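S.K.: Dock chain X against the given chain H, drawing on the hints supplied.
Protein chains: 2
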Amino acid sequence: MKVRRSERLIDITNYLKARPHELVPLTFFAKKYQSAKSSISEDITIVKHAFLRNNIGLIQTLPGAGGGVLYTPGINQATANNYLLDLQQQLADPQRILPGGYLYLSDMLGNSAVLKKIGRLIATQYAKDNIDVVMTMATKGIPIAQSVASYLNVPFVIVRRESKITEGPTLSVHYASESAHHVEKMELSKRSLLVNSHVLAVDDFMKGGGTIKGMTNLIQEFESDLVGATVLVEAKDDGNPTFDHGATALFNVSGLEEAQPELQVNLGNYLEQVDFSLFETTNY
Amino acid sequence: MKVRRSERLIDITNYLKARPHELVPLTFFAKKYQSAKSSISEDITIVKHAFLRNNIGLIQTLPGAGGGVLYTPGINQATANNYLLDLQQQLADPQRILPGGYLYLSDMLGNSAVLKKIGRLIATQYAKDNIDVVMTMATKGIPIAQSVASYLNVPFVIVRRESKITEGPTLSVHYASESAHHVEKMELSKRSLLVNSHVLAVDDFMKGGGTIKGMTNLIQEFESDLVGATVLVEAKDDGNPTFDHGATALFNVSGLEEAQPELQVNLGNYLEQVDFSLFETTNY
Numbered sequence: 000m001k002v003r004r005s006e007r008l009i010d011i012t013n014y015l016k017a018r019p020h021e022l023v024p025l026t027f028f029a030k031k032y033q034s035a036k037s038s039i040s041e042d043i044t045i046v047k048h049a050f051l052r053n054n055i056g057l058i059q060t061l062p063g064a065g066g067g068v069l070y071t072p073g074i075n076q077a078t079a080n081n082y083l084l085d086l087q088q089q090l091a092d093p094q095r096i097l098p099g100g101y102l103y104l105s106d107m108l109g110n111s112a113v114l115k116k117i118g119r120l121i122a123t124q125y126a127k128d129n130i131d132v133v134m135t136m137a138t139k140g141i142p143i144a145q146s147v148a149s150y151l152n153v154p155f156v157i158v159r160r161e162s163k164i165t166e167g168p169t170l171s172v173h174y175a176s177e178s179a180h181h182v183e184k185m186e187l188s189k190r191s192l193l194v195n196s197h198v199l200a201v202d203d204f205m206k207g208g209g210t211i212k213g214m215t216n217l218i219q220e221f222e223s224d225l226v227g228a229t230v231l232v233e234a235k236d237d238g239n240p241t242f243d244h245g246a247t248a249l250f251n252v253s254g255l256e257e258a259q260p261e262l263q264v265n266l267g268n269y270l271e272q273v274d275f276s277l278f279e280t281t282n283y
Numbered sequence: 000m001k002v003r004r005s006e007r008l009i010d011i012t013n014y015l016k017a018r019p020h021e022l023v024p025l026t027f028f029a030k031k032y033q034s035a036k037s038s039i040s041e042d043i044t045i046v047k048h049a050f051l052r053n054n055i056g057l058i059q060t061l062p063g064a065g066g067g068v069l070y071t072p073g074i075n076q077a078t079a080n081n082y083l084l085d086l087q088q089q090l091a092d093p094q095r096i097l098p099g100g101y102l103y104l105s106d107m108l109g110n111s112a113v114l115k116k117i118g119r120l121i122a123t124q125y126a127k128d129n130i131d132v133v134m135t136m137a138t139k140g141i142p143i144a145q146s147v148a149s150y151l152n153v154p155f156v157i158v159r160r161e162s163k164i165t166e167g168p169t170l171s172v173h174y175a176s177e178s179a180h181h182v183e184k185m186e187l188s189k190r191s192l193l194v195n196s197h198v199l200a201v202d203d204f205m206k207g208g209g210t211i212k213g214m215t216n217l218i219q220e221f222e223s224d225l226v227g228a229t230v231l232v233e234a235k236d237d238g239n240p241t242f243d244h245g246a247t248a249l250f251n252v253s254g255l256e257e258a259q260p261e262l263q264v265n266l267g268n269y270l271e272q273v274d275f276s277l278f279e280t281t282n283y
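These protein sequences, in sequence, are chains H and X.
At position 66 of the first sequence (counting the first as 1) the number is 65 in numbering that gives the first Met the number 0, and the numbers step up by one without a gap.
At position 62 of the second sequence (counting the first as 1) the number is 61 in numbering that gives the first Met the number 0, and the numbers step up by one without a gap.
For the record, the hints were derived by calculation from the structure and aren't laboratory data.
A couple of the hints might just be wrong.
Repeated chains share a single entry, so a pair holds when one copy, or any two copies, can fit it.
Claimed, not checked - 30 Å max Cα-Cα, derived DSS-like pairs, lysine-lysine:
1. K16 / K1
2. K47 / K16
3. K47 / K127
4. K1 / K115
For clarity, every value in this text was computed on a predicted model and none was experimentally measured.
Chain H extracted, bound-state conformation:
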């Protein structure tokens, strides 16, 4: 059955959104809708402009026999600013302060709308990078990894402090936990990461950077490469984000460790690290 343009546009939107970073040949849509390739090309032009104007992401059409349509999720800087302001407001609630200089984040990390914002921010940062897999540390990094991985359309793997029987054989490294002031172990199932993988590390909370350094060592043990590391929140009591370890933080929090804790939530170095030009309508 031939499908009308209005329905094609809805289905193409749905189809591409479910397959980021995946090249879809125009002939696939032409066959699916029993429509001429020229009509599908026109559809894609409409979808392309709508995606960009509505901050869904970039649609590219690659010509030739191996070509097709490619959807890259991402947001422009104005939208990133809005997301960051919204998240900052939620983070700045003083009731989040927990003993020992920690922050209660479980509500935000169990909220789909929050996770989509974090996922889109981080996926925008790495939109042009070649990433094979997202890595995180159990437990609270998992929702962030899952969200980022869905926008990058790659798998995610979970590093654990203590592996379970359900992981099979593991590789492990020890790392210095600066927040806990001792040496801990982290493990990853051997079959969950192939050698020569390009890995993006994400986590919810960074204090000293020990976990990220541990993941970096673990990635080396798997003969793979760390492409980048981004965390939601870095806790640093002088209020200055740590740039020297190469990680990106969406937010920097301070004032947690004082006798009378006074939560300060500032932007981290995210905006300085990200090139939004792919996703700005002014460029098209």
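M.R.: Chain X in isolation, oriented as in the chain H frame:
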């Protein structure tokens, strides 16, 4: 700026898909696109038919002052069968067998496409129920909970065997782990669940049902109600799914515990528990 129908259809698709189970007034779209309400009504009719024919879900238009458009994600039975066959094929790999009668599932639970299928299957089952929150047990249940929660548009909460400092005060219960043959503890952050919540419990693997029973007790401690419990895989060596505890299993696996394990993956009781009628095109 007035927005053309073609772009409206793309943006409405994107907007509603991001907000399942949320009533959006027609006037919202009319204002957003500077279009007449009658044009928006026509848009919604087009979106409604396209969503149903393409197995995205149900669009309902509720009339009156408090009315609007409501998107309920869900799939028809034919699509559910396809999803189940695909997942069954992936599960049936004998290399998944681990010592002690366990299954390696981490690859599937770190794959966005797999998680979307599981999420849509479980969200279809509970599409008509009043659910406030999805609950799971750390660690491997988390990706399933996150996927289901995104389709139901509710938060998810994570129960842990051992709570961390980052959880704040917790409530705990003890439960008999039939697979581990001893009594264990599970904890949930006190502030993560309100009293009188309607809770859906999900998990990756069930063996004996101890974890689900434990979550049921924990939900009672929070003065809340268990609406349902669904797991990806139930392991039961006689091959007969356990129906008596009221849980739903997408799959039933057996043959794991023999001296020479021989993995058998069969459908669980999911299809018997689910009413797909909302999502069948034949009904419209």
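S.K.: Now tell me if each hint is right for this structure.
M.R.: Now for the hints, and whether the structure bears them out:
Taking the shortest alpha-carbon separations for K16 and K1, both the intra-copy value of 22 Å and the inter-copy value of 25 Å come in at or below 30 Å. With identical chains, the CA atoms of K47 and K16 are at most 30 Å apart both within one copy (12 Å) and between copies (18 Å). Proximity of K47 and K127 under a CA criterion of 30 Å is satisfied intra-copy only: 18 Å inside one chain copy versus 35 Å between copies. Taking the shortest alpha-carbon separations for K1 and K115, only the inter-copy value of 28 Å comes in at or below 30 Å, while the best intra-copy value is 35 Å.
The structure is consistent with each of the numbered hints, conforming to all of them.
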